[in-house]
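Sequences listed follow chains X and P, in order. As numbered in our numbering, residues 181 to 713 make up the first sequence, in order. As numbered in our numbering, residues 49 to 195 make up the second sequence, in order.
In case anyone wonders, no lab produced these hints; they're calculated from the structure. Treat each hint with caution, since some may be false.
[As the list claims (entries may be wrong)] Only pairs whose alpha carbons sit at most 20 Å apart, straight line, appear in this in silico SDA-like list of lysine to any residue:
#1 K616/X <-> A694/X
#2 K80/P <-> R518/X
#3 K122/P <-> Y104/P
#4 K132/P <-> R121/P
#5 K122/P <-> D500/X
#6 K616/X <-> Q605/X
[Stated by the list, open to error] Sample of chain P residues lacking proximity to chain X, with all beta carbon distances greater than 12 Å (derived):
#7 A101
#8 P108
#9 I166
Ideal placement from N, C-alpha and C gives every residue a C-beta, glycine not left out.
Below, each chain spelled out in residue letters.
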Amino acid sequence: MTDPLAGPPAGQEQQETPTAADATEQARLLRQAEAAEAKFRGLLESAPDAVIITGGDGRIQLVNRQTEVLFGYAREELLGRPVETLIPARFRGGHVAQRARYQAHPQTRPMGIGMELFGRRKDGEEFPVEVSLSPMASEGRTLVTAIVRDITARKRAEAALRESEEGFRLLVEGVRDYAIIRLSPAGRVGSWNAGAERLFGYREDEILGASLARLYPPEDVARGRPDEELAEATTEGHYEEEGWRARRGGARFWAHVTVTTLRDEGGALRGYAKVVRDVTARMEAEDRLRLAAAELERQKAELARSNAELEQFAYVASHDLQEPLRMVASYTQLLQRRYRGRLDADADEFIAFAVDGATRMQQLIQDLLAYSRVGTRGRPFAPVDTGALVDGVLGDLAARLAETGGVVERGDLPVVTADPVQLRQVFQNLIDNALKYHGAAPPRAAITAERAGACWRFAVRDNGVGIAPEYAGRVFGLFQRLHTQADYPGTGIGLAICQKIVQRHGGRIWLESAPGRGTIFFFTLPVRQESAG
Amino acid sequence: MRGAAARPVEILLVEDSPGDVRLTREALREGKIRNHLSVVPDGVEALAFLRRAGRYAAAPRPDVILLDLNLPRKDGHAVLAEIKADERLRRVPVVVLTTSRDEQDVLRSYDLHANCYIAKPVDLDQFIAVVRSIEAFWLTIVTLPEE
Chain X
181 MTDPLAGPPA GQEQQETPTA ADATEQARLL RQAEAAEAKF RGLLESAPDA
231 VIITGGDGRI QLVNRQTEVL FGYAREELLG RPVETLIPAR FRGGHVAQRA
281 RYQAHPQTRP MGIGMELFGR RKDGEEFPVE VSLSPMASEG RTLVTAIVRD
331 ITARKRAEAA LRESEEGFRL LVEGVRDYAI IRLSPAGRVG SWNAGAERLF
381 GYREDEILGA SLARLYPPED VARGRPDEEL AEATTEGHYE EEGWRARRGG
431 ARFWAHVTVT TLRDEGGALR GYAKVVRDVT ARMEAEDRLR LAAAELERQK
481 AELARSNAEL EQFAYVASHD LQEPLRMVAS YTQLLQRRYR GRLDADADEF
531 IAFAVDGATR MQQLIQDLLA YSRVGTRGRP FAPVDTGALV DGVLGDLAAR
581 LAETGGVVER GDLPVVTADP VQLRQVFQNL IDNALKYHGA APPRAAITAE
631 RAGACWRFAV RDNGVGIAPE YAGRVFGLFQ RLHTQADYPG TGIGLAICQK
681 IVQRHGGRIW LESAPGRGTI FFFTLPVRQE SAG
Chain P
49 MRGAAARPVE ILLVEDSPGD VRLTREALRE GKIRNHLSVV PDGVEALAFL
99 RRAGRYAAAP RPDVILLDLN LPRKDGHAVL AEIKADERLR RVPVVVLTTS
149 RDEQDVLRSY DLHANCYIAK PVDLDQFIAV VRSIEAFWLT IVTLPEE
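Next comes chain X alone, as it looks inside the complex:
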């Protein structure tokens, strides 16, 4: 730029005296120049990046405000100093060489493509920068304008993104139970995680680029299933199914597959994310469950049929067996009444045995019927006030208690969920036994209940003759008796019925006893919510 203040070139005769117009023109040109310079400086000073102009000798000739801010120097400290001042010490040597090369081939370009560049502040702190260079010719040497941008924030964002991507990659890679596969828009394998390798048996290098069809059994490929899968995913955005897939080597497994379409912001198809899970185990478990349920149904039907047969048998026993039995019993009794003392003593005795046998047989049949009906004629469970129930039983026994001088006490008894008729039978039988098997002393019994975990535990205690431990199990058997009819009459079915009833309710019955020391019968009833059982 020629100095507008310089005079006319040497040799040129200046005959004219400077006119006033010339002076005005000069002043105007001067103001124009100053304005231009001010504008230039304004631009420079307001630039968001640091602008540093260096001469061919590498010394700083001009800096802007942002340079001061970024590097922490006042411009006076920088002017005339080597530009390497602004660079960390370890790069300075190399930078000098680079400057020389730039002087040889100056171009407008970013500096140090592919290199990490750093600036150094006055206080020694380093920061990442991006630099672009442009040459400026002046008086035979090349000035270099460098525009420097602090890219700390950008670097941080890039690092965060990398970390996040790394995190996701680890996530996908690390998942071993799910195959996570990326497919290209054409359905070729683009990514393959550890789970995919485990599930399908292919290593990443073996399967990348392969078609999705490789994961299907051949017959499905022939039917066009892979294409259907992709087509549906593309139109619906999503595809889910359970079906057969094939491992490397051809082995099939039952898979749960979801395919999600990946689109960019513009809506263009970028590919598919496919997640596959091996649910063979679950399918097998379901099959087993179905089989077990079917078996259960079959057993239930069998049980129902068996019960129906039992019920029918019981009905027959009740009607058809009873009839001839009644005849035997009645006529032997008639004989007894009509002819006692009119035949000989033997005849009387024979007839007595016959009568006794017949009447006992009638009782046995009644008891058998009662036993069989515990199951076939059980009622639904309902809340039962056992206190009131026991009081009822004791009421029925009032006469018997009076004549034997027996006393029965009861504690607080709970409300339970049970078949009321059957529960009454249990108490009836147990209390009956308590009163029947008494020794010399008048019978005494006590009925109590206490909560034991998830059950109520009832106890019927007596002061009777007791049961020897070796028989404790047998007493619950059908028709099992420990005494003769002469000592204590009975059919031996009472406790068997009690046991069957208690078992129907989901409880247990047992006893504690010793000969001569009385007996306690315990039985439990589960505590349950009210429901029809």
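We have chain X; now place chain P onto it with these hints.
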């Protein structure tokens, strides 16, 4: 109220078991009331008797019917239903006297308007006592409809 010259009470027993027939006869014999027992072995005969059909043209009209349920050909419930459906027959009290203790049998009998239901006791003495109670109740206490 019957006078001393009154006719004996007519009882119709519908019962197929000869053993039971005989037992009933013996029990009635021990009672105090003069009675005449007619016996028919099944439901078809029972209705013929009541309608005085065929060989029963001269049959007496029963004052009370003792009806077993376990009968061949026509069972007791069917007979009961027919009797109670017949205008001319339904006034006669029907005492269901049967071995069954089945709840269903009891309910059905009452549904069909049996006058009462008695389960035959298994014990002879008790059976005799029951038959005599039937006599006492139906034949002396109760006022029967006149023909």
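Status of the hints after comparison with the structure:
no., hint, verdict
1, K616/X <-> A694/X, "holds (17 Å)"
2, K80/P <-> R518/X, "holds (19 Å)"
3, K122/P <-> Y104/P, "holds (18 Å)"
4, K132/P <-> R121/P, "holds (19 Å)"
5, K122/P <-> D500/X, "holds (17 Å)"
6, K616/X <-> Q605/X, "holds (16 Å)"
7, A101, "holds (29 Å)"
8, P108, "holds (28 Å)"
9, I166, "holds (14 Å)"
Against the hints set out earlier in the document, no violation occurs for any number.
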